[in-house]
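Asks: As a plain string of letters, each chain reads:
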Amino acid sequence: MEKDNRREFKIGQLKTLVILVAAIVAIGIGIFYFQEHYTVLMKSTTVCLECIGLG
Amino acid sequence: MANIKSKFKRHDRNRNLFQFIFTLITNSYIVGFFKGRIYQGNSKFVCVPGLNCYSCPGAVGSCPIGSMQAVLGNRVDKVPFYVGGMVALYGIVGGRYTCGWLCPFGWLQDLLYKIKLPKGFRKFRKLKGEQYLEKLRYLILVVFVIILPLFLVDFTGLGSPYFCSWICPSGTLSGLFLMAANKPLRDIVGLLFAWKNFLLALTIIGSIIVYRPFCRYVCPLGAIYGLFNKVAIYHFEIDPTKCDNCQACQNVCKLSIKVFETPNSTACIRCKDCIAACPSGAIVEKFNLKLKEPAPLKI
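Read top to bottom, the protein sequences are chains S and P. Mapping of the first sequence onto the working numbering: position 41 corresponds to residue 41, and the numbering continues sequentially without gaps. Position in the second sequence (first residue = 1) + 1000 = the working numbering.
Heads up, simulated DSS-like pairs for lysine-lysine below, C-alpha to C-alpha not over 25 angstroms straight-line:
1. S:Lys15 to P:Lys1286
2. P:Lys1135 to S:Lys15
3. P:Lys1230 to S:Lys15
4. P:Lys1230 to S:Lys3
5. P:Lys1230 to S:Lys10
6. P:Lys1286 to S:Lys3
7. P:Lys1272 to P:Lys1009
8. P:Lys1272 to P:Lys1007
9. P:Lys1126 to P:Lys1258
10. P:Lys1286 to S:Lys10
11. P:Lys1286 to P:Lys1009
12. P:Lys1114 to P:Lys1005
13. P:Lys1230 to P:Lys1135
Simulated from the structure, these hints should not be mistaken for laboratory data.
All chains, please: the whole structure from these sequences, using the hints.
Replies: Take a look at the structure:
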């Protein structure tokens, strides 16, 4: 029982670490490879007519 | 008892103040409200954690859900690495902490819920079919935020932000601020605007009667963050040596979560009302990778 509990706990810990690293890597890929932040910047600096119900 | 009541009141006031300050920070382009225009500076490439429309005149950051649809509806790079990564980062660090403390639209609903109803009317903790309604936000996330912008494209290959266009009341509210000081925008209102205002009115009235209906049943961002609650670095733990199953946490929770059983439920917005109300201090906030070994189970 205790062994199972520890195993489950370690898996939970690993999941958190993997997601954290994956998120940081994804941000890096998005910025440095795809320049995705420019897409975001371009979209967000023009009035989004769809968002306000005019599109 | 009086001590807990005053502690609870203080906690509520502090949370409101925190939400107000964060809303002010992320919407600090005050000039925009008077001139009827939006901020166009470089800080807008950063996605803010909460649902904060980038068409709000004050917004100095980008809405993650709007940005995600913009990338998915793009002609070429259709995988939202950057936006997805940002959302995952916010989620893995705080889970739904954003919903309870950092989201301006969540704060608005909190304020609306404080409005007292006239005699003869009552507020509801749960709606009929709550378990099905809770799933609606996942459906909205998959259909309106991912599938439609990705596949329903125009002749140039561009997809629209369908969640923003057809559903999001946060955008409608931002639009009202923008239109108030911008006559050319007022001149092009149509049927879609009427539909979105109907949804906004429904959300406002609903928020007075039910606690945070938009967050519970509609918000795709809350749906994503909720999935992180169980694995987030910031989480709740129950100290079994202190908890005496008095259920004070569940009674005070406006979302009726059995905190003593599921402290990291996907529905929990981390408002921390339960912590303030717990008479024995059994609910503990943790900010770690759970590096400590768990205590052996008592058999």
